[in-house]
Every structure is written in C-alpha cells, then in structure tokens.
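*Asks:* Here's the letter readout for the chains.
There are 2 protein chains.
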Amino acid sequence: ARPRVGYFFTGKTGSELLTEKLKKFKVKEYQSIPIVVEEDVSAYDAICTMFLEDVGTLFVTNEHGHLVGVLSRKDLLRASIGNQDLSSIPVHIIMTRMPNITICKPEDLLLDAAQKLIEKQIDGLPVVEPAENGLEVIGRLTKTNITKALVELGRDQHL
Amino acid sequence: ARPRVGYFFTGKTGSELLTEKLKKFKVKEYQSIPIVVEEDVSAYDAICTMFLEDVGTLFVTNEHGHLVGVLSRKDLLRASIGNQDLSSIPVHIIMTRMPNITICKPEDLLLDAAQKLIEKQIDGLPVVEPAENGLEVIGRLTKTNITKALVELGRDQHL
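Sequence order for the protein chains is R and F. Residue numbers for the first sequence follow this note's numbering, beginning at 19 and rising by one. Residue numbers for the second sequence follow this note's numbering, beginning at 19 and rising by one.
If we strip away everything but chain R, and leave its shape as in the complex, we get (with noise of 0.2 Å):
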C-alpha cells in the first residue's frame, strides 16, 4: 500500500521489528549443546564432566538414551556436604527426575522458556523432542542463553 499524502517518516521502524523480533524468538535459535551422563555415573565423574564441558547444568539418560534427569550444581554441592564419598553416589540418587523435571520444545517462545526458569527457580531446561516411550535431549537452554538474547538485542539497536 502506498502512504497516505502527507504520512510522516518517524524512523521508529528499527524498534517496531525490535519488538516483533523478541516477541518471535524461539528457543532453537538460542539453545546450546546439551552434555549428558548416564544415571550410574558418580557424583564424582558428574562435577568432573561439569568442569572439562563448563557446563552448570547436566541431563541424565538411561540405557535407551532417553531423559530421565537433570543434575544441576546445586545438587551437587548438596551432595558434597553430605558424609558419603562424591565417587561412591551414583547421579540417579540426586538428580531431579522425570516427571519432576521442567522442559522444553525447540519451536517454544524463547519468553515461555524464560518464564519457566524464574517460576520454578532452575538454571537450565533440557530441549527435548518426543522419541518412542521417552523424550529425546537435544539442547540446553540457560540463563546464559537468554542474557546473550538481551545482549543481541540490545546491539542490533545500536544503543
């Protein structure tokens, strides 16, 4: 459509697509790779993966690689005050577990997803996708991802 006669050129169109832009982020375009153990690592190994993947947050599988946990490093500096051995806990003692566990779709609002880690006060969800009889892990999204969300957008506007 062409603009009425004497339409007036705000140069406000960068922020309108800034706002249509948040309102349209999705979790895929920010999650990252996920790192997973299985559930009879120990508790041991799983701090040691943390460290060599830098990584906050892990997902536990089970024999069919399937979801069955989430370890996050708060429950492992619950463990290490705990009187047993770090090497001697097997992860599926301390992990949060299905179905306790808060996910997320790749194609989900990036919003709904940071949504859900303030409500249910976690670092990280798994990204998932439906396999036969389980849930397939195929991201990571952290409160790192949506603080480089805030960060982008605020460099796409030059501020």
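Hint data in this document are derived by calculation from the structure and do not stem from the laboratory. Quick caveat: nothing in here was measured; it's all calculated off a predicted structure. Treat the hints with caution; some may be incorrect.
For chains that are exact copies, the list does not tell them apart, and a pair is met inside one copy or across any two.
To be verified - Dumping the calculated SDA-like pairs for lysine to any residue here, alpha-carbon to alpha-carbon at most 20 Å: (1) K92 / T67; (2) K123 / I111; (3) K44 / R96; (4) K138 / D72; (5) K138 / V169; (6) K123 / V169; (7) K134 / R173.
Could you slot chain F onto chain R? The hints should help.
*Replies:* Coordinates of chain F only, in the frame set by chain R:
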C-alpha cells in the same frame, strides 16, 4: 509540537517506548540483595550459607566490610572434589580475589552488566559503591535478574 497535517498514527508508540526502556534499564532497578561472608569462613559454611540464602554467588569481605572476593558455586564445587576436608578450607583460599573481580555500579546500564556476565563467563556481579579505602557491596546482579528483565519486557507488551 502539533503533528503535521495528514500525520498517520501507527499505534506503535508502545513498541518505541519498549526499546527506549531497554536502553535505559539500570542495574539498581534489577539488582538483588547481596549475601556476604567473611574471608576466614570455611568452604563448608559458605556452601551452607548458599543453601540457606538460596543464592549462587557469595561476596567475601574483610574486617572493614570491604569487598575482597567472590565465591561461585563453581569455586565451591571445585574445592569439593579436592582431597581436603571442606570445613578446613577458608574461603579466601578458593575465592576469586580483588583485583580480578568484575564489578558493576548501581547507575550502570543493565545491558552493559549483561555483557560483562557473558564476556567473563560468570554468574553474578557485585554491585558496589566506593567506600574509604575499598568497595562496599550494596547489591548482587545475576543472570536471574537479567532473565527477569527480559520476561518483564515481554509481559509489558502483552505478547
């Protein structure tokens, strides 16, 4: 100023305001209360404080109440897989210490603080104010605060 004749109101003022808002968000509007421990407290007690206060970052102060270090869950997890007893390690051994601490100020832009969190790969920043011969910690800014800011930004727009 009166609008030009034929000015066409696009109804996008809300979006423009949103962008303006993001540009102007300040650290002091989003910061949380800082949780502080003294430098001779044990790693074990620091972990307990983290759980009691439900935070992921502690700030360490000296006898004058000045900032001397930052303790993350990562620092404490690293200590927990060492061979020493956690209750015999004082936090000043394992903390990140001044001047290697990344700080922010209450008047800083939230976007700049978010950028620091990403660049330095840390979970939280102390919000500080200059004191006599040191820095006083007056707040805590984490990726949780940033995530909340993004969610609010979305909610304001009735997405």
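*Asks:* Look at each hint and say if it fits the structure.
*Replies:* Hint check results:
1. K92 / T67: For K92 and T67, both the intra-copy (15 Å) and inter-copy (12 Å) Cα distances are at most 20 Å.
2. K123 / I111: neither (26 Å within a copy, 42 Å between copies)
3. K44 / R96: Neither, since 33 Å and 34 Å both go past 20 Å.
4. K138 / D72: between (23 Å within a copy, 13 Å between copies)
5. K138 / V169: between (23 Å within a copy, 14 Å between copies)
6. K123 / V169: This pair counts as between: shortest inter-copy Cα distance 18 Å, intra-copy 23 Å.
7. K134 / R173: Classified as between; 14 Å across copies, 25 Å inside a copy.
Violated hints, listed in ascending order, are 2 and 3; each of the other numbered hints is respected by the structure.
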